[in-house]
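The primary structure of each chain is shown beneath.
2 protein chains.
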Amino acid sequence: MTAGALPMVVPAPDLPARVRIHEVGARDGLQNEKTAVPTAVKAEFVRRLAGAGLTTVEATSFVHPKWVPQLADAEELYPLVSDLAGVDLPVLVPNRRGLDRALALGARRVAVFASATESFAKANLNRTVDESLAVFEPVVREAKDAGAHVRGYVSMCFGDPWEGAVPPHQVARVCTALRDMGCDELSLGDTIGVATPGHVQALLALLNERGVPTPALGVHFHDTYGQALANTLAALRHGVTTVDASAGGLGGCPYARSATGNLATEDLVWMLHGLGIETGVDLGRLTATSVWMAEQLGRPSPSRTVRALSHKDQ
Amino acid sequence: MTAGALPMVVPAPDLPARVRIHEVGARDGLQNEKTAVPTAVKAEFVRRLAGAGLTTVEATSFVHPKWVPQLADAEELYPLVSDLAGVDLPVLVPNRRGLDRALALGARRVAVFASATESFAKANLNRTVDESLAVFEPVVREAKDAGAHVRGYVSMCFGDPWEGAVPPHQVARVCTALRDMGCDELSLGDTIGVATPGHVQALLALLNERGVPTPALGVHFHDTYGQALANTLAALRHGVTTVDASAGGLGGCPYARSATGNLATEDLVWMLHGLGIETGVDLGRLTATSVWMAEQLGRPSPSRTVRALSHKDQ
Numbered sequence: 002m003t004a005g006a007l008p009m010v011v012p013a014p015d016l017p018a019r020v021r022i023h024e025v026g027a028r029d030g031l032q033n034e035k036t037a038v039p040t041a042v043k044a045e046f047v048r049r050l051a052g053a054g055l056t057t058v059e060a061t062s063f064v065h066p067k068w069v070p071q072l073a074d075a076e077e078l079y080p081l082v083s084d085l086a087g088v089d090l091p092v093l094v095p096n097r098r099g100l101d102r103a104l105a106l107g108a109r110r111v112a113v114f115a116s117a118t119e120s121f122a123k124a125n126l127n128r129t130v131d132e133s134l135a136v137f138e139p140v141v142r143e144a145k146d147a148g149a150h151v152r153g154y155v156s157m158c159f160g161d162p163w164e165g166a167v168p169p170h171q172v173a174r175v176c177t178a179l180r181d182m183g184c185d186e187l188s189l190g191d192t193i194g195v196a197t198p199g200h201v202q203a204l205l206a207l208l209n210e211r212g213v214p215t216p217a218l219g220v221h222f223h224d225t226y227g228q229a230l231a232n233t234l235a236a237l238r239h240g241v242t243t244v245d246a247s248a249g250g251l252g253g254c255p256y257a258r259s260a261t262g263n264l265a266t267e268d269l270v271w272m273l274h275g276l277g278i279e280t281g282v283d284l285g286r287l288t289a290t291s292v293w294m295a296e297q298l299g300r301p302s303p304s305r306t307v308r309a310l311s312h313k314d315q
Numbered sequence: 002m003t004a005g006a007l008p009m010v011v012p013a014p015d016l017p018a019r020v021r022i023h024e025v026g027a028r029d030g031l032q033n034e035k036t037a038v039p040t041a042v043k044a045e046f047v048r049r050l051a052g053a054g055l056t057t058v059e060a061t062s063f064v065h066p067k068w069v070p071q072l073a074d075a076e077e078l079y080p081l082v083s084d085l086a087g088v089d090l091p092v093l094v095p096n097r098r099g100l101d102r103a104l105a106l107g108a109r110r111v112a113v114f115a116s117a118t119e120s121f122a123k124a125n126l127n128r129t130v131d132e133s134l135a136v137f138e139p140v141v142r143e144a145k146d147a148g149a150h151v152r153g154y155v156s157m158c159f160g161d162p163w164e165g166a167v168p169p170h171q172v173a174r175v176c177t178a179l180r181d182m183g184c185d186e187l188s189l190g191d192t193i194g195v196a197t198p199g200h201v202q203a204l205l206a207l208l209n210e211r212g213v214p215t216p217a218l219g220v221h222f223h224d225t226y227g228q229a230l231a232n233t234l235a236a237l238r239h240g241v242t243t244v245d246a247s248a249g250g251l252g253g254c255p256y257a258r259s260a261t262g263n264l265a266t267e268d269l270v271w272m273l274h275g276l277g278i279e280t281g282v283d284l285g286r287l288t289a290t291s292v293w294m295a296e297q298l299g300r301p302s303p304s305r306t307v308r309a310l311s312h313k314d315q
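Protein chains in written order, with this note's numbering: chain A, 2 to 315; chain B, 2 to 315.
Take these hints with a grain of salt, some might be off.
The list treats identical chains as interchangeable, and a pair is accepted whether it falls inside one copy or across any two copies.
Here are the simulated lysine to any residue pairs, SDA-like style, with alpha carbons at most 25 Å apart [what the hints assert, rightly or not]:
{"id": "1", "residue 1": "K145", "residue 2": "D185"}
{"id": "2", "residue 1": "K35", "residue 2": "P301"}
{"id": "3", "residue 1": "K123", "residue 2": "A6"}
{"id": "4", "residue 1": "K145", "residue 2": "R21"}
{"id": "5", "residue 1": "K123", "residue 2": "G5"}
{"id": "6", "residue 1": "K123", "residue 2": "L81"}
In case anyone wonders, no lab produced these hints; they're calculated from the structure.
Can you make the complete structure from the sequences, with help from the hints?
Here you go:
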């Protein structure tokens, strides 16, 4: 570039001044990897993400190693990153056993993982929606008693591979139950990437009506149908300031239908910075981190921004 | 799917009821292909696009074969598709010679291709911006005299690889010149894909101020940084109802920096249909067309929606 830097910064009306990016690459991104990633590489990934300016970096999951062998090293990993100053390091906890392991290591930001649909609750958690909520209730209570901040993930908020379109009122029931338990924050997941902007606005509006305030809501979009950033824009217009994203678009295989790539953090940052929205992220350092991680995994990043910024050959 | 069809249709306020998709795959998509595409395949592609419900299908370019050998068969191709009923088949004409060739074949929708920046005018047209406008002036006049509808493409409206960010007033000067010549419609091109939604809104607002009404404006976004659909949403909110897109995301190589993939028509249609916006397009037939074309070209479509809908194995 010889002139004005890109993206050109042009704010739009009615958008937040600052967005908190909840970086999920190290947990959601790596949990489906077929390649075994050494613990030291994961720790370096988390540290580089923090070094790029991300202040919320989900570090790992204390799920039983039988279910997610990729993250079986949570006990080893967490102490390797817990010294990072000024960075929140939430971890996923599926049950009381997982919570106890996380708390014992000093974790004070935890997340539970619920489903808006019966089909996915059954497939992923082997429980009904209500049974899974009953499991989470004492987990959330214990976490709150320990002084932890609790995030509640709600998956399949817009569509489900078995049930098709998911009506907002069905999602709202799960969300209000998680709030009633004490969850500080909810993350609305479009797990199969089918949402469109009007659907996003409608769900957010309904949740507000049901007593869930916008500051307690984060959005978690997948780019399976290329909709993630447009949906993010719709959420920002509604006032949402917490957006989940995965460095380099890590997470599942972008070439298969069931594997629904996360919104790439770099693509998100490009838009937010163009809109003059503060994130604290250094896009160059973040892109370099994703390029480095792609080398560790042996395949290119699916993020369009990472590809555009890292192909210096043209 | 066993239940509600996807995407779920949820309109958003303040968006148009109908969008005209200006399909550019057969021209913009194929003009950089290294693979030689037989004329009969191109004709079949145009016919299938029309069969999928697209009513504006840019067919080819009457540029000198020396510059774009990929489209050197314009004279052979056009008569193979010009019988399509109810479908507009615009063609690109770089100069009076090209216009005369197109008019002789009965074309009555033509497009000229201008640049908002001096660097790209020099690189692409080997002229200054003003010199290129001087070349277009008699082309547009003759086309209008012949009763043709004239579109003016304006490239590099948001950023330029040599000049960086492009200020809106610079774009407005070229746009108003093209309107003053008689162009019925302008297509605002983000040729390197760097725009963000605030920038889009600002340019559209400035053009309105300078006397170019929104119905005369189309948008042409590239997905190089993953921004195309979010930018489209911003344009729709401004009232734009003409959106350029390329079936399957054809156009350049998505893996190289300089090659800036067009917005995929399927990704656009997914969003528009989710928003309840009419397009007339049958997404299944369109996806099948892109899958077929990808087979002809010997490489997969970069469209995320095409990938998601065509991977039936999972």
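- Query: How would you label the pair K123, L81 (within, between, both, or neither) given a Cα cut-off of 25 Å?
  - Reply: neither (34 Å within a copy, 54 Å between copies)
- Can you give me the call for K145 and D185, within, between, both or neither, at a CA distance of at most 25 Å? within (9 Å within a copy, 63 Å between copies)
- Item | Identical-chain pair category, K35 with P301, by Cα at 25 Å | For K35 and P301, both the intra-copy (15 Å) and inter-copy (23 Å) Cα distances are at most 25 Å.
- Given a CA cutoff of 25 Å, do K123 and A6 count as a within-copy pair, a between-copy pair, both, or neither? Classified as between: cross-chain Cα gap 21 Å, same-chain 49 Å, threshold 25 Å.
- Could you figure out if K123 and G5 sit no more than 25 Å apart (CA to CA) within one copy, between two copies, both or neither? Between. Shortest inter-copy distance 19 Å satisfies the 25 Å Cα cut-off; intra-copy 53 Å does not.
- Copy assignment of K145 with R21, given that the CA separation must stay at most 25 Å: within (22 Å within a copy, 53 Å between copies)
Of the numbered hints stated above, the single one contradicted by the structure is hint 6.
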